[in-house]
Amino acid sequence: MGSTPHGRFVQIYEHAYRPVLGYVLRRCQDPDDAADVVAETFAIAWQRVNEIPAGDEARFWLYGVARKALANHRRGERRHERRAAALREQIITSPALTKPPPGEYTQLGRVFRSLNDDDRELLSLVAWEKLDTEQLAHTLGITRNAVRVRLHRARKRFMRALTDAGIDLPLFERSTL
Amino acid sequence: MNLDDLARVHDDDLNSEPAGQVSGPGAQTLLSSIMSQPPAQGARAHGRRWRGPAPWVAAAASLAATVLVVTMVTTPEVQRANPAAASPSPGTQPSARRMLLAAASAASAAKQPMQGAYWLTTTVSGTDAISPDRGYVIRLRHVQEKWLARGPGAQSWRIRQYLGAKPLTSEDRAAWREAGSPTQWKYPVDMTPYVGVAAFPSSEIVRAAVEEKAASRLRGKWKGSGGSLTKELVSWEELRRVPSGERELRAYLEQRITARAKGGSEKDPGWRKSALESACMEIVFGLPVSPTVRAAAYRILATMPEMKSLGRVKDPLGRMGEAFGYHRPPGPGNENPYEIAYIIDPATGLPLAHSVTTTVELAHGRTAKVTDFTAYQQLGWTDAEPSLPAKRD
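Top to bottom, those sequences are chains A and B.
Using the working numbering, the final residue of the first sequence is 177, and nothing's skipped along the way.
Using the working numbering, the final residue of the second sequence is 570, and nothing's skipped along the way.
Just so you know, these hints were derived from the structure itself, not from any lab.
Worth double-checking, as some hints may not be accurate.
[As the list claims (entries may be wrong)] Derived PhoX-like pairs: lysine-lysine, alpha-carbon spacing no greater than 25 Å straight-line: (1) A/99 - B/400; (2) A/99 - A/130; (3) B/363 - B/390; (4) B/390 - B/485; (5) B/363 - B/343; (6) B/491 - A/68; (7) A/68 - B/450; (8) B/546 - B/491; (9) B/343 - B/491; (10) A/68 - A/130; (11) B/288 - B/398; (12) B/398 - A/99.
[Stated by the list, open to error] With the C-beta cut set under 10 Å, the calculated list includes, among others, these residues of chain B facing chain A: (13) 179; (14) 180; (15) 182; (16) 187; (17) 194; (18) 195; (19) 202; (20) 309; (21) 310; (22) 497; (23) 522; (24) 523; (25) 525.
All C-beta atoms, glycine included, are put in the ideal place defined by N, C-alpha and C.
Can you build the whole structure from these sequences, using the hints too?
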């Protein structure tokens, strides 16, 4: 089953569908767009099926593809694709998926959104996708050492921004990062 | 409060969501649609050469391109091949400009009830698909009523019915008879992306027969909303705040577009222009706004250089109207050019239909025009109550 591109792709899809959907839903401003981005991500993956790494690394690779698809989408390459219509319907009719994230309008949310894209993505991958250093290295295509350095800097910038916003630092240090 | 609270959803929560099920219709339709295309050259590297899709898939692929664009019309987010290059003039082509300004006057003079219990939109939509043997074209039709309740807490509804499928032209009918007058069409792989039946995810089989009406409650963000503007469902209160002067409306829409766009797209002039056009189309095609707001949207459209007049045309339901829109040259994703048309009733400025048309190749060297359309039968306020069918989604 897994030896042909078709069989292999189906396996990858079955494994990665939910995490990729989650990844995209957490980053789309409008859940209405998530189905299109998921479609775009897997369509690209299918086109590049031979480049997809084996095992769990496939998921990290797909996060990278999804991130680019999201960026394209934001740049205006957006469209409502028919192939994503059924999924879109499922998403937009779900109260849980269409309500704004609980912390969106909090001060923390605002500070987090004010971070630069790379910092925000890195911290999100830790907090939301629960990736460790090694997995981050695979996802971002950089060394573990580089991950540590970047993470350290991103956290520092986040802390500084939180302090500037008058948010109790140590609590956050303990609970989130 | 921590970063976790900033996540819309956690992967674990997706266990209990229909959208999160990889075996569900959303995920499966997507998978089969993606895999109905051949993978790129990469797949050949393994020495196992992809033999190419079944012949009808290739032909249908250009139709897929059509369908892809068509879905935009409900929330018309338009992406154009090369909008600016076509014409350097500061405004729409003279004839289109004249038509749109006339539509603006007609719209602002229109006498319509300004209030009611529901904003009712009844549409008939059609999708043309190639028969699995590529011998002829069939048209699938749906009718949909959208009842958006104005009262606080009142339930909004969508009532849909599949009107069946049949051969499109007399030529198609002849080819269909020759094929034994089938009453259903079975596609070898999931044909969903090509025939537009995504709302009926189980069907690799397209049936000729009419189906029962089914009603679904509009939930979530639809509660208390009068429709979508700049791709966001908006409340009735917000809709009342939409300004009716051309300049004020433009500023208002620009501001909404900026608020919605993050991550740099708000600085992309092409994206902004397309978003503004889409927003105007949302207003003209279906939002419950006053006639003067609709007129202002027409006036903004009249300033857009790429809009062309497509003349007097019959809409897909056979009603005479005037059309504007544009042609898209062939490009990646569409082998043949296609035409995007918005058809309005010049007497009232109200929408009749919008459509996307392209050409496909059939068997025996025949080519055929295929269209994907939505036609408006009713658009306005009503105090009537929806007659709900027994079947509910």
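Structure versus earlier hints, numbers of those that do not hold, lowest first = 4, 6, 11, 20, 21, 22, 23, 24 and 25
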